[in-house]
Amino acid sequence: MNTLIAIIGLGVLCLLFEILDFRKAIIPITIIGLLGVLGLTISEYNAPNSYYNNMIVVNKFSVCFSSLFIVLTIFLVALSHNFYENHQSKLSDFIAIKIFLLCGAVAMVSFGNLAMFFLGIEVLSISLYILAASNRMNLKSNEAGMKYFLMGSFASGIILFGICMIYGAMGTFDIAEISEMSQSAELPIWFPIGIVLVTIGMFFKVAAVPFHFWAPDVYEGSPALTTATMSTLAKVVAMATLYKLLSAMNADINYGFQMVIVVISIASMTVGNIMALKQANVKRMLAFSGVSHAGFMLMTLLSITTSAGSLLYYATAYSLAGIAAFSVILYVCKNQNNEDITNFHGLGKTNPLLAAVLTGALLSMAGIPIFAGFFAKLVLFSQTIQAGYLVVVIAAVINSIISVGYYFKLILAMYGKEPNETRTGKPFLIYAVAIVALVLNVIIGLFPSVILDLLA
Amino acid sequence: MNVSLLLILLLVGAIVTYLAGDKLASKVALFFGLASLGCTIVLLNHYNLGENISFITRWITQPNVSFALKADGLSLAMVLLTTALTPIIIFSSFGNEYKNSKAFYALILFMSFAMTGTFLASDGLLYYIFWELALIPIYFIALIWGNGDAEDRKKAVVKFFIYTLAGSLFMLVAFVYLYLKAGSFLIEDLYKLNLSSSEQLWIFLAFFLAYAIKIPLIPFHTWQANVYQKAPTVGTMLLSGIMLKMGLYSVIRWQLPLAPLAAKEYLPVLIGIGIAGVIYGSIVALRQKDLKKLLAYSSLAHVGLISAGTYTLTLDGLRGSVLQMIAHGFVVVGLFFVAEIIFRRYETRTIAEMGGIRAQTPKFTSLFLLLVLASVALPTTFNFVGEFTVLYSLSQINVWFAVLGGTTIILGAYYMLKMFQYTMLGETNKRIFADVTANEGITLVLIVAVLFFFGLYPKPIIDLITPSLEEILTQINRIN
Amino acid sequence: MNTNIALVLVLAPFLGFLINVFFGKSLGKSVSGMIGTVSVVVSFVATLYFFMQINNTKQPLSIALFDWIQISNIKVNFGFLLDQLSVLWLLFVTGIGALIHLYSFSYMHDDEKMHSFFAYLNLFIFFMILLVVGSNLLVLFIGWEGVGLCSYLLIGFWYKNQHFNDAAKKAFIMNRIGDLGLLVGIFIIGNLFSTLDYVSLKTAITGATNLNTYWISIAAFCLFIGACGKSAQIPLYTWLPDAMAGPTPVSALIHAATMVTAGIFMITRLNFVFDLAPQVQTIIAIIGAITALVAATIGLVQNDIKKVLAYSTVSQLGLMFLALGLGAYEVAVFHVITHAFFKACLFLGSGSVIHGLHGEQDMRKMGGLKKAMPITYITMLIASLAISGIPLFSGFFSKDEILLVAFEHSIPLWVVASIASIMTAFYMFRLMYLTFFNEFRGTAEQKHHLHESPALITFPLIVLAVLATIGGIISLPFPEYNWLNGYLAPLFTKVATEEHGLGSTEYLLMTLAVIGGVVGIAIAYIKYNKQNTVPAEDAAITGFSKVLYNKYYVDEIYNFVFVKTINELSRFFRDIVETSLSALVFGFGKVTNEIGFYGKKVQNGSIGLYLFAFVLGLCAIVSYLFLAQQ
Amino acid sequence: MIHIPDLAHATPVQIVFCILAIITLATAFLTIFSRNPIHSAIYLVICFFSIAGHYLLLNAQFLAIVHIIVYSGAIMILFLFTIMLMNLNEEHEVHKPRITRLGAIVSFCLICIVLIAIFINSKPIVGDYDSSGEDFQSIKVLGKVLLNEYMVPFEFASILLLVAMIGTVLLSKKEKLEK
Amino acid sequence: MNNILNQIGIENYIFLSVILFCIGVFGVLYRRNAIIVFMSIEIMLNAVNLLFVAFSTYHQDAQGQVFVFFSMAVAAAEVAVGLAILVSIFRNLGSITIDNLKNLKG
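In the order they appear, the protein sequences are chains A, B, C, D and E. Residue numbers for the first sequence follow my numbering, so the first one is 1 and each next one is one higher. Residue numbers for the second sequence follow my numbering, so the first one is 1 and each next one is one higher. Residue numbers for the third sequence follow my numbering, so the first one is 1 and each next one is one higher. Residue numbers for the fourth sequence follow my numbering, so the first one is 1 and each next one is one higher. Residue numbers for the fifth sequence follow my numbering, so the first one is 1 and each next one is one higher.
Be careful, since some hints might not be right.
[As the list claims (entries may be wrong)] With a straight-line Cα cutoff of 30 Å, these simulated DSBU-like cross-link-like pairs (lysine-lysine) come out:
1) B:Lys99 with B:Lys264
2) A:Lys417 with B:Lys289
3) A:Lys417 with C:Lys601
4) C:Lys75 with B:Lys459
5) C:Lys25 with C:Lys160
6) B:Lys418 with C:Lys25
7) B:Lys70 with B:Lys181
8) A:Lys417 with B:Lys159
9) B:Lys264 with B:Lys70
10) A:Lys349 with B:Lys159
11) D:Lys174 with A:Lys24
12) C:Lys365 with C:Lys527
[As the list claims (entries may be wrong)] To spell it out: a stretch of chain B is covered by chain A in this simulated footprint if at least three of its residues, at any positions, have a beta carbon under 8 Å from a beta carbon of chain A; those stretches are:
13) 161 to 169
14) 174 to 186
[Stated by the list, open to error] If you want a taste of the chain C side facing chain B, the calculated C-beta under 7 Å gives, among others:
15) Phe141
16) Tyr159
17) Asn165
18) Arg176
19) Asn191
20) Ser582
Simulated from the structure, these hints should not be mistaken for laboratory data. What you are looking at is a predicted structure, and each value in this text was computed from that prediction instead of being measured. For every residue, glycine included, the Cβ atom is placed at its ideal position computed from N, Cα and C.
Kindly generate the complete structure, drawing on both the sequences and the hints.
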């Protein structure tokens, strides 16, 4: 609860700064503020509580994920400095929207009532619609915003319908009550329908096949920083929320539902990876890679009672790698009008450090050891095998192999090609974010218990 | 004093080398390579005195993973191979100029680190991590410092990486499965498992895929020749000298004890695959135009024989293959170095463009010939000891295996001598072939000396590896 | 003491090798030659010491040095066994070796790489000694492969000529085919008896009651294949004539006197194994007889002086195998020794001729050398008489014993062997007449330079000629004077040939053999001396003699059946199998890439399509869960 | 099971429901089918009014009023403004490809059939509906619920609106630096 | 107070809502004019709102109606943002046909 309030306060503060003409201070203050919020959030780790008639429930799950989101936001805000250099007059808006986005995200993992869930997801989505379309003179950005908006609202409609069904079945929006009532034998069919519809809506948000079509287009069209936000923060949020929804409402995940998850998970991995192979645009490639990672993360739903820790771990690993990768992309494509892979040619020679960071990030996503991505996959595999879904794991393994194909395409471009231009300037924040994100990734890769034990 | 010191040394070496800058990198790397060799020898001494040099500590609680390094004779023998070859390989590269050499030498040491780790790890996951880690440096070494057309090289290297990764991921699944059964990744705990024969079969297959690609056994070898050809010679040496042995070592350490029933059931098939590799590799090698490719196929033939020996599941087979692994490691490094020496002078690897070198440099010729002879397992070379033991073990299973596997001594002689004839003999080449430099000479002499010393007196190594092999064998034979 | 002397015996040539390899060039030709020769002489002296000792004590010496290889329960020791057989072998190996070193001293003096020649020769002697004195099959195998290696090095000594290199390679590879057989034989023996040591093997076999004769036969057969390779028997004999590419002393030492007899040594050494495999013995005898005949027929028409001698060697080896196959080991050994004397003499003589003619080897371009090279002529004549089985020369005794044994066991074999002997007499004298009689047919330039070889060449010739003459006395066909049989008796488990006096049959046979030899010589005399026929030019050879001249086209057949096949197979594997395997692996990547390519077309940017997919997905999930489940 | 009200014995409420339902569905369809966006907008307004009628039928007067104010009053005006702004009166729409229509119709039929089939398949509600007799939907009660229990979401909705506001500003504001 | 659902039945409301929702879905798929698509989405949301109220009556519970307020707020916010995006597209493209938005694909 405190987290939420603090974040909102920070957002408002941002807007105020603009009015007070403290534009220069916005980013530092925000970062410091967010660090404070992070501390505040972590302090609640051992104090699970629920606030305001169960509207907000703070537990370990919410604290952990909120902290992850805050960390990601810190990175994203830090990257904003460089990215919005030429948009100073809108800086406060951008930052404020990011912070509100964060509070939507926090609401989504700490809701105790479906109203909060719905509002949270809408705050998040609307912020993203805006961010996607924020490059108003660029048709691609417009298109991305429009596509995202149309499909997102469509999905919101589905989610709303689902919530309505749940309400029809239970007569309440309170998660705890729903959870309690779902134990009773006589349930109207509305409840499972509602759950399924909400799940489908969330599938859209995490971009799982066949609800993924928006992702590559939107990722490609949006400004790079927004893409970074979507592919790291938004995806992780949506996944965590889906997990929380299904686990908190004690939904009956029967055999059929598990089959659906299995199929969607495998389809997401496969389609995402295969489609990514032929992409020339890096953002688009990472969008498809995100689709496949969504498929991986969906595997956690198959062992929902025990997999919170592994989801957190996977999400952390994936998003940290994503942040590191995107900071390099931001740097490389700063003054380019596209994010084609050709921009990366020879980066290994012109800028070995960032090339190494990007390589590390991609290796992490591909699941190569010592990077966190490896452990994430390992834990996931072990949980899924334990749950008895060896088939999914085999599919996941085959997909990991395919994924190496396109991750290495980028690495090859960096090391195997001659550079076609030189870049000057060493934006400190980008370097800092890239390195810190990757170092964090490696650290949790070396000491996975740090994260895994949080939600064990 | 325990084996973790060795790993730390190599890792620190990699970092220091990178920091040392381009000029000093090679020397620093050599220093650390030698230091690790020294360290290995000291450790070996401690081990022989009966001290415990293993190292184990809890790493991750959930899943239950330990940072466990266990040094028994087998591991130490392989570590010795790694740490002995690393300085030799580094030293062999002194005649070449590499761009960004600090990264190059750091990667070599890092790879050495990862491979040493693979040989030492006694925790499944740790082992897997090292196993994968070893892949990354060689990928970059081959990609960045390789030779030939960049596109072709990329294709070959990526194929290699994806292919090997593909195999090892299935191994990971197998490990996860075993972990879920045993609740720990520690090899001791995994050994205790009682798996049904169908489980063993699947686990065996998963491991087999990983190892068959890494070793490589036919028909999983298609990456090999291309990568050997494209990689810089140092990379090729690392790959063929040590990395292949990772696969073979793993068969002995992990695959056979964990799934002995499957190995026993499919014993003829497995040996057959190995022997098919011998014959196939030898025959393909006959008509190779590229010297490095020829050596790659010869390597294919040799590892085929080694794996056949391993899958006999007899003490002789295991012992012979370990001996042969070490011997082959040295000889193949030497041969690739010879290819490099010629390349330095003639800028070619095509055999047809060589010839008539002997008249110009008798010393080099003699050393080359000795390596060729070691490669064809002439008695008194280390390779003979290994090959003889392996063939002997094959004959214990079935004489025909020995006969077919033994064709290596005919075909091997055929292609190696043919190669020797067309690279070295004949009318004096018009192009001048400068005599070997001191560095080159020392490297070759060292290798040859090792081969002949252990060829005459393999007892130290036999005594080193036999107890641990016996232990593994009891593990293999625990269920019948 | 014995150990040390044995070590000196073995290591002296090796030391010579090392010195010549490392310092030969700087030491100069004479010194390096001296070192080479002296080291072999040292070995010879040491051998003499042991010979005396063993001849007196009749006790074999066994010397263990160190543990070498460990397989299963077998600990293979690196050790020596000095008994009657090995010492006898050592005697002529080192003895003839020393002579040939001496000979080479002069013969190779013009060659710039004389020091490496001596190094190789020394190395050869070392390996040969190792082969002979090894206490077990593995040490024998070291020597076995080592002499093969030296043979390779020496055949290809003039490495600038790729044909010579081809010949060297061929020799090595064909030897290796045999080596594989030997190895497999060793494996089987090891598996059967858990030991590779001769002494313990012998105790194991003689002491055992129910032996697995099936496997022993197979082992014996495999060992015989090994012997075939090394001793140039059908079907692995083709390398030996090609091996004449090497310098002549090499041909004399390796390809006539010593190395090629290794097969006989090995079979004799393991006589107790072969005795248990009568079928294999029969095969050995038959192969030996056929080889003797086939090689002799080819020898009839060869024009290269060394090729004639080479086929003669093959033929003689065939006779020895015949004896081995018939269980007459001591007879074979006897023939080995006499053959070593006269064949070395012949080769060295031919070398002297070639030396005199500056490298000319074609007999059609020789003739009339009798006057220019009297010593060579006389020594070669003696050796030729010996090989033709003219009484009182050593060859007479040994060959006659073989024929006797053959007659005792099987008339057809005796007939074949006899024919081979007659042919031998014929082509040897064909060689003599073409080389030494009538007029010189070479160029004037060569004629001008004709001269007798220097003393260093002629001295060994004389010594060998003497030995070829009197060598027979070690095994006279009278039991009381047959020293050799008595000397070797402890080696053999059963008495192969009954010690009996000479009956009338034997005398008859002997007479027949002598007549045969004389007839052979007479035909050669009529044809090549009286009529002064010169063999036709290569192109003019027709009919069956063309087949013979081309060695029954065996090389061509082998080339076609094996070498070509394997090369074609290699090409097929390289071009087809490798490519398709590679394509298969790439195929996976390609297919996924293709799918990705088409997948890109599906993602066409239309919101309508995306929503359609959304709705479809929703319907599918909902209907699966709520309609299909009921 | 769906039970079609027997018109002969239908209560007034049922008749009203039917009429409202028909109006709702018909205007919704017309909204989609009319070519002129303005017409669509008008039909939509009618549709919203009919929905408000449903609310009234269900005795949710406050909600009905809010609904009319928000939807018909605010949102529809926004739509109309935009339409006017863009001068979209008629036939701006390009010809729809057949495949689009087909796809739309197929998915419409599918989703309709599937959803309806599910609800038809489901267990019918047996027995009377609860009637607690308590007031649960007067303004007073709604206000209490909204500002007590649902205080946090209520406040949070303001964030939502704030974001939307900032967003629209962001999307329409011209930048000084932007050229 | 009598429960009105006794006369109409919750099923009928569900069917009505479902059909209305589906019409909304249909509209989204059928029309290419972005404004009409927005309207269709509004129809979808309204269908759900109607159902909320019906369920609220069914459960005799105010929460459902409260939720409708939130849903309205969300709808309003969405429309505002959506129209803002639409306007900028119109400015750049001169059209609001969503079929023209096909630059991003593949």
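Status of each hint after checking the structure:
1. B:Lys99 with B:Lys264: It is violated: about 50 Å lies between the C-alpha atoms, which goes past 30 Å.
2. A:Lys417 with B:Lys289: 28 Å, holds
3. A:Lys417 with C:Lys601: Holds, because 28 Å separates the two Cα atoms, which is no more than 30 Å.
4. C:Lys75 with B:Lys459: Within the cut-off at roughly 11 Å; holds.
5. C:Lys25 with C:Lys160: 19 Å, holds
6. B:Lys418 with C:Lys25: Satisfied, since the Cα-Cα distance of roughly 28 Å is no more than 30 Å.
7. B:Lys70 with B:Lys181: 22 Å, holds
8. A:Lys417 with B:Lys159: Roughly 18 Å separates the two Cα atoms, so the pair holds.
9. B:Lys264 with B:Lys70: With a Cα-Cα distance of about 27 Å, the restraint between B:Lys264 and B:Lys70 holds, given a limit of 30 Å.
10. A:Lys349 with B:Lys159: 23 Å, holds
11. D:Lys174 with A:Lys24: The hint holds at about 20 Å.
12. C:Lys365 with C:Lys527: 17 Å, holds
13. 161 to 169: holds (count 5)
14. 174 to 186: holds (count 4)
15. Phe141: OK, holds: C:Phe141 within 7 Å of chain B, min 6 Å.
16. Tyr159: With a minimum Cβ separation of about 4 Å from chain B (threshold 7 Å), the hint on C:Tyr159 holds.
17. Asn165: Since chain B brings a Cβ to about 5 Å from C:Asn165, closer than 7 Å, the hint holds.
18. Arg176: 5 Å, holds
19. Asn191: 6 Å, holds
20. Ser582: With Cβ-Cβ at 4 Å, under 7 Å, it holds.
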